[in-house]
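There are 2 protein chains.
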Amino acid sequence: MFTMKSIGVIRSPYTDTSQIPKGCGAQHNAEGTLEILPEFEQGLIDIEGFSHLYVIWIFDRAEGHELLGRPPTDTRPHGVFATRSPRRPNPIGLTVVELLRREERRLYVRGIDMLDGTPILDIKPYLSNVPADKLRRGWLAEAEGRREV
Amino acid sequence: MFTMKSIGVIRSPYTDTSQIPKGCGAQHNAEGTLEILPEFEQGLIDIEGFSHLYVIWIFDRAEGHELLGRPPTDTRPHGVFATRSPRRPNPIGLTVVELLRREERRLYVRGIDMLDGTPILDIKPYLSNVPADKLRRGWLAEAEGRREV
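As given, the protein sequences belong to chains A and B, one line each in that order. For the first sequence, our numbering gives the first residue as 1, with consecutive numbering after it. For the second sequence, our numbering gives the first residue as 1001, with consecutive numbering after it.
Pulled out of the complex, with its shape left as it was, chain A reads as follows (with noise of 0.2 Å):
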């Protein structure tokens, strides 16, 4: 077992999941702030410089784990680690946001998709894209297709 502590929280104007885009095609351009607590604020020394950050968060008003689920995108069940469900055997989260500016302990973001108040777990460089013409999409590429016919 292993023990994570919140090093700040996310400012996002969504209060409910139901108001997060979700399915095929959401775009996820809210703006939002994390705010890191003052202890760690030296670690965002230089970080300005980074158009794009993963932020690593916890669901935390997710309750429980399912290892199959029916995800919003489609109509069929599929592996929790082949979706981003909430309900994962360690609710953490996972988003790339855009770094639009830095105030002392504030990054002002784009792309925020997490509720009001979620905790943060760590923040890291998005530094390499995977070459477009080897990136495969699994069931999501499938379930779009049927949506489209």
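Honestly, the hints are just simulated from the structure, not real lab data. Even for Gly, the Cβ is constructed at its ideal location relative to N, Cα and C. Take these hints with a grain of salt, some might be off.
Stated by the list, open to error - Covered stretches of chain B, as calculated for chain A (at least 3 residues, CB under 8 Å): (1) 1007-1018; (2) 1040-1052; (3) 1065-1078; (4) 1120-1126; (5) 1131-1143.
Claimed, not checked - Here are some chain B residues the structure puts well away from chain A; computed CB gaps all over 12 Å: (6) A1030; (7) T1033; (8) Y1108; (9) R1147.
Please arrange chain B on chain A, whose structure you already have, making use of the hints.
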């Protein structure tokens, strides 16, 4: 505080951090296996369709953290959240791997940069890239530039 559990373990050719390629231009082509615990195997259903996965894992052999550190890629110190240092407030690692094949509860992958025996917390599908013309790589691009001079 949040409690996390291992969902499996990484089988890697690396048994010591000195063996892992680091610094500017480091290539991560090593192959390894993600061995998921039997009780979580059902969560892998349909994962084969994805070419790339996010692996979220624990730096289980890192000790303590430092908010300002000198990464192997640069001679100057940077905030921990602007680096991939193992010495983080929450010792969480994140790696994008290419999925080569699945054999029951074993995922054979390329792009391993973890030590043998590393605990896995979560696996998620890698779904999209940041547009190349939107990506800025901060101090890392500067450090690479200084080396080329």
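#### Entry: Numbered hints the structure breaks, given as an ascending list
1
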